[in-house]
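**Q** Chain by chain, the residues:
Protein chains: 2
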Amino acid sequence: MLIVDCHGHYTTAPAPHQDFRNAQLAHFEDPSLPAPLPAVISDDEIRESIENNQLRLQKERGADVTLFSPRASAMAHHLGDGEVSKTWSRACNDLIKRVVDLYPENFIGACQLPQSPGVPVSESIDELERCVNELGFVGCNLNPDPSGGHWTSPPLTDRAWYPFFEKMVELDVPAMIHVSGTCNRNFHATGAHYINADTTAFMQFVQGDLFRDLPSLRFVIPHGGGAVPYHWGRYRGLADMLKQPPLSEHVMNNVFFDTCVYHQPGIDLLFEVISIDNILFGSEMVGAVRGIDPLTGHYFDDTKRYVDSLELSEEDRIKVYSGNIRRVYPRLDTILKTQGR
Amino acid sequence: MLIVDCHGHYTTAPAPHQDFRNAQLAHFEDPSLPAPLPAVISDDEIRESIENNQLRLQKERGADVTLFSPRASAMAHHLGDGEVSKTWSRACNDLIKRVVDLYPENFIGACQLPQSPGVPVSESIDELERCVNELGFVGCNLNPDPSGGHWTSPPLTDRAWYPFFEKMVELDVPAMIHVSGTCNRNFHATGAHYINADTTAFMQFVQGDLFRDLPSLRFVIPHGGGAVPYHWGRYRGLADMLKQPPLSEHVMNNVFFDTCVYHQPGIDLLFEVISIDNILFGSEMVGAVRGIDPLTGHYFDDTKRYVDSLELSEEDRIKVYSGNIRRVYPRLDTILKTQGR
Chain R
11 MLIVDCHGHY
21 TTAPAPHQDF
31 RNAQLAHFED
41 PSLPAPLPAV
51 ISDDEIRESI
61 ENNQLRLQKE
71 RGADVTLFSP
81 RASAMAHHLG
91 DGEVSKTWSR
101 ACNDLIKRVV
111 DLYPENFIGA
121 CQLPQSPGVP
131 VSESIDELER
141 CVNELGFVGC
151 NLNPDPSGGH
161 WTSPPLTDRA
171 WYPFFEKMVE
181 LDVPAMIHVS
191 GTCNRNFHAT
201 GAHYINADTT
211 AFMQFVQGDL
221 FRDLPSLRFV
231 IPHGGGAVPY
241 HWGRYRGLAD
251 MLKQPPLSEH
261 VMNNVFFDTC
271 VYHQPGIDLL
281 FEVISIDNIL
291 FGSEMVGAVR
301 GIDPLTGHYF
311 DDTKRYVDSL
321 ELSEEDRIKV
331 YSGNIRRVYP
341 RLDTILKTQG
351 R
Chain L
11 MLIVDCHGHY
21 TTAPAPHQDF
31 RNAQLAHFED
41 PSLPAPLPAV
51 ISDDEIRESI
61 ENNQLRLQKE
71 RGADVTLFSP
81 RASAMAHHLG
91 DGEVSKTWSR
101 ACNDLIKRVV
111 DLYPENFIGA
121 CQLPQSPGVP
131 VSESIDELER
141 CVNELGFVGC
151 NLNPDPSGGH
161 WTSPPLTDRA
171 WYPFFEKMVE
181 LDVPAMIHVS
191 GTCNRNFHAT
201 GAHYINADTT
211 AFMQFVQGDL
221 FRDLPSLRFV
231 IPHGGGAVPY
241 HWGRYRGLAD
251 MLKQPPLSEH
261 VMNNVFFDTC
271 VYHQPGIDLL
281 FEVISIDNIL
291 FGSEMVGAVR
301 GIDPLTGHYF
311 DDTKRYVDSL
321 ELSEEDRIKV
331 YSGNIRRVYP
341 RLDTILKTQG
351 R
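So the protein lines, in turn, are chains R and L.
In this text, residue positions in the first sequence follow our numbering: the first is 11, and each later residue adds one.
In this text, residue positions in the second sequence follow our numbering: the first is 11, and each later residue adds one.
Check each hint, because a few of them may be wrong.
Pairs count within a copy or across copies, as identical chains cannot be separated in the list.
As the list claims (entries may be wrong) - Straight-line distance between alpha carbons at most 30 angstroms, and here's what the computed DSS-like set of lysine-lysine pairs gives: (1) Lys96 x Lys347; (2) Lys96 x Lys314; (3) Lys107 x Lys253; (4) Lys177 x Lys107; (5) Lys177 x Lys314; (6) Lys253 x Lys347; (7) Lys96 x Lys69; (8) Lys253 x Lys96; (9) Lys177 x Lys69; (10) Lys314 x Lys107; (11) Lys96 x Lys107; (12) Lys314 x Lys253; (13) Lys69 x Lys347; (14) Lys69 x Lys253.
Keep in mind that the hints were calculated from the coordinates and are not lab data.
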């Protein structure tokens with residue numbers, strides 16, 4: 011059975027890549043400093059960073075392909091400005107492309123967007139088109155809060171986002187809703203901001219009518235949908251109070267959750283309350299939580315173990331491990347078919 | 011068996027109370043308008059508002075006592091200023107006191123605090139002391155984000171909060187972490203802001219060392235602990251990555267979750283992953299979700315039904331329904347004992 015992980019980040023990029031970022035931000039703060047160029051990184055450096063990490067874990071844990079995007083916490087759309095974000099995003103996406111070219115059977119690309127607080131998201135369309143049409147990427151990560159924890163953008167259901175969404179529909183690529191690091195010290199990035207953003211986005215979709223306007227727009231909400239499955243009764247009840255259709259019609263034709271929930275009881279709940287057609291296997295590795303669970307002796311983020319422990323029919327197992335993601339990301343399906351998979 | 015609901019709000023206060031609030035805010039915006047006085051509300055008006063709602067539901071659902079506080083979404087600390095918040099909080103708390111005096115066997119008071127963005131939380135100490143020492147209240151609702159969705163205050167682990175926390179310790183009263191309505195349109199109040207605040211506060215406690223400094227400080231995180239139990243593996247793993255002690259030692263001697271989770275699978279998860287000593291029965295009624303679940307034919311917020319469906323020992327059932335809350339709120343225990351319960 012083909013196993014596709016819908017949520018992997020290049021958290022282990024070679025150090026010169028971050029050095030470039032640091033120099034870029036230093037130049038932004040002090041334009042008298044030299045304007046740096048993206049790091050020159052050899053294929054061997056990339057191989058080492060991947061083979062010892064994501065590729066090793068892919069093999070150890072038994073996944074075949076990872077939908078791979080730049081490190082989310084390093085997108086940091088709140089730093090610099092729109093131009094800085096464009097340059098940084100291009101460098102990050104180009105590096106993903108090189109990983110995909112080195113390991114085309116193991117990684118398929120999803121892009122970072124050059125969002126920036128106060129800059130219209132339509133400014134991100136060019137990079138989306140470049141990544142999809144020129145680099146062969148199949149999706150993108152969309153940040154609902156480029157301010158990094160101040161939430162100064164309009165909600166995702168606001169028409170300000172529509173030009174970008176219309177381009178997603180035209181290209182037939184979904185977005186993973188994914189915030190980045192935060193400059194608001196109330197929010198720990200991976201422990202609060204990520205989960206809050208997932209929950210917030212879902213509730214925006216419940217309140218709004220985005221999918222009535224754009225019925226083929228698709229989002230993946232990572233980290234198991236934030237708080238949503240645990241509070242599924244609350245969300246069903248709120249949809250009812252807001253006089254919206256049932257969630258299954260109103261939201262769940264367009265929204266999908268990954269399995270980045272780092273313990274068995276959470277995965278059990280996810281599969282109990284969410285339709286099997288809306289769940290995509292994901293691990294967020296090498297990611298937010300890197301340690302070994304003392305209760306199980308296994309890595310927290312080895313989410314395949316939790317999914318394998320479920321009593322699923324063969325049909326449902328195929329859906330979670332590859333069928334759903336092939337349906338949600340048609341361009342990924344095309345790549346896999348080209349490879350005879 | 012005595013059944014105590016730790017989470018009830020006076021969401022059904024007579025209309026003149028809200029009229030006063032509206033006039034108060036109008037006067038704040040335009041000081042040429044008359045400065046209103048708190049509404050004159052008769053005992054009969056209070057009886058009607060309670061007997062048709064909270065008291066009726068208490069009896070129908072089989073609870074005995076509710077820890078009762080002002081309507082959370084109406085605290086609206088982000089409106090007006092510190093003085094407006096003080097006057098409004100006094101009026102809200104005085105109304106709770108009247109409910110308690112009319113139904114001393116059914117309601118015990120917890121207070122709203124006169125927080126205001128930019129105003130030190132130490133300014134809330136006087137009202138806490140008044141409510142505890144003069145009105146006989148046993149706890150308070152603490153808003154970690156008085157800005158109403160902009161999160162401009164320091165995290166709860168910052169020393170700016172310590173004077174208030176030290177007073178809580180001195181009075182031996184816990185706080186429920188509870189935000190109010192929001193002026194940030196990204197966040198639906200009960201669907202996103204409430205749940206996000208619960209998650210955020212918990213992660214702040216994981217990151218910080220608040221309970222090392224104040225080992226007898228106690229918080230209730232409502233709405234089943236936000237996203238935390240669903241992502242319990244994530245939080246255990248993050249504590250480990252942050253080189254903090256295990257959550258059971260680092261946070262869970264001081265933090266308690268209520269049962270405001272509006273479906274059976276969520277309650278099942280809560281009791282599976284969280285120690286029975288940290289769970290307090292609560293319903294948030296009459297609250298965030300008022301409808302009937304079409305899947306069960308029962309009210310979403312009739313959380314007692316979910317708890318009753320669990321296979322708990324008699325000892326554990328007593329803990330959840332009264333033992334834990336008597337331990338966490340010693341002044342509530344004293345009142346119940348005075349009543350021979």
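**Q** Should Lys96 paired with Lys314 be assigned to within, between, both, or neither, using CA atoms and 30 angstroms as the limit?
**A** neither (35 angstroms within a copy, 53 angstroms between copies)
**Q** Go through the copies and call it for Lys96 and Lys69: within, between, both or neither, with a Cα cutoff of 30 angstroms.
**A** neither (34 angstroms within a copy, 61 angstroms between copies)
**Q** Checking an output row: Lys69 and Lys347, CA cutoff 30 angstroms. Within, between, both or neither?
**A** within (21 angstroms within a copy, 62 angstroms between copies)
**Q** Which holds for Lys96 with Lys347 at a C-alpha limit of 30 angstroms: within a copy, between copies, both or neither?
**A** neither (32 angstroms within a copy, 66 angstroms between copies)
**Q** Go through the copies and call it for Lys69 and Lys253: within, between, both or neither, with a Cα cutoff of 30 angstroms.
**A** Between copies only: 29 angstroms across chains, 47 angstroms inside a chain, cut-off 30 angstroms.
**Q** Can you tell me if Lys177 and Lys69 fall within 30 angstroms by alpha carbon in one copy, between copies, both or neither?
**A** neither (35 angstroms within a copy, 55 angstroms between copies)
**Q** Reference check for the pair Lys314 and Lys253, CA-CA at most 30 angstroms: within, between, both, or neither?
**A** between (38 angstroms within a copy, 26 angstroms between copies)
**Q** Should Lys177 paired with Lys107 be assigned to within, between, both, or neither, using CA atoms and 30 angstroms as the limit?
**A** within (21 angstroms within a copy, 57 angstroms between copies)
**Q** Given identical chains, is Lys314 near Lys107, meaning Cα to Cα at most 30 angstroms, within a copy, between copies, both, or neither?
**A** within (26 angstroms within a copy, 53 angstroms between copies)
**Q** Using 30 angstroms as the alpha-carbon threshold, which applies to Lys253 and Lys96: within, between, both, or neither?
**A** Close neither inside one copy (41 angstroms) nor across copies (36 angstroms); limit 30 angstroms.
**Q** Pop the pair Lys177 and Lys314 into one bin, within, between, both or neither, using alpha-carbon distances up to 30 angstroms.
**A** neither (33 angstroms within a copy, 48 angstroms between copies)
**Q** Given a CA cutoff of 30 angstroms, do Lys107 and Lys253 count as a within-copy pair, a between-copy pair, both, or neither?
**A** Neither. Shortest intra-copy (45 angstroms) and inter-copy (35 angstroms) distances fail the 30 angstroms Cα cut-off.
The structure is inconsistent with the numbered hints 1, 2, 3, 5, 6, 7, 8 and 9, although it conforms to all the rest.
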